[in-house]
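S.K.: Sequence:
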Amino acid sequence: MQAVDQTSNPRPGLRSRLGAAVPIETETSTFVTFDLGDQTFAVDVANVREILDAQEISPLPNATSDLMGMIDIRGQGIPVMDLSLPLGLHRRTHGEADERLIVLDFAEDAAPTVAIAADRVRSVIEIAASVIDPVPQVPGTWASGAMKGVTRLDGALVYVIDLREALRMAPQDRSGLKGPFDFD
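Per numbering that gives the first Met the number 0, the sequence shown runs over residues 0 to 183.
Any given hint could turn out to be false.
What the hints assert, rightly or not - For each label pair, taking beta carbons as the anchor points, the in silico distance ranges come out as:
| hint | residue 1 | residue 2 | range |
| --- | --- | --- | --- |
| 1 | E26 | G154 | 21 to 29 Å |
| 2 | R151 | Q54 | 27 to 35 Å |
| 3 | A128 | P58 | 24 to 32 Å |
| 4 | T112 | G36 | 39 to 47 Å |
Hint data in this document are derived by calculation from the structure and do not stem from the laboratory. Every residue, glycine too, gets a C-beta built ideally from N, C-alpha and C.
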């Protein structure tokens, strides 16, 4: 049984892996929460291979603005993406102590392994489906894009994100060719 931390997760249906054990009777999913700028996001833990401390990223010639470069992990070259650009956010200054790289692996198909830069990785939490609200309809031209839902954690909004869709939203190069992370 997973434990529920009611002090840091006051909303029913959210539970972390720390604290007093309290049963929850609803379907839950496990997410990694992380920050980009002032926003907190949650991504399905099934797509996360590992989380690394920030390290030197080797830039790539002619890369799009969201492709930060490549890192080497145990002999494998992995591209590093900055999701703040396709999501229209501003990241904090690169090189801060909390900065991490989240290595993703979409094992269910042939999608490439890729890392995303995060200003901070918060925790691994379980979220009940009942507390994930649908993405709100907003008048105007805003497109929800990669957002799958919204929930609250410690009084702040947390956006549940579809990383595949976020990577598809990445800027394309000027030639009109598909980007390196178009999975279709």
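S.K.: Work down the list of hints and note, for each, if the structure agrees.
M.R.: To see whether the hints hold, each was checked on the structure:
no., hint, result
1, E26 to G154: 21 to 29 Å, "24 Å, holds"
2, R151 to Q54: 27 to 35 Å, "33 Å, holds"
3, A128 to P58: 24 to 32 Å, "41 Å, violated"
4, T112 to G36: 39 to 47 Å, "25 Å, violated"
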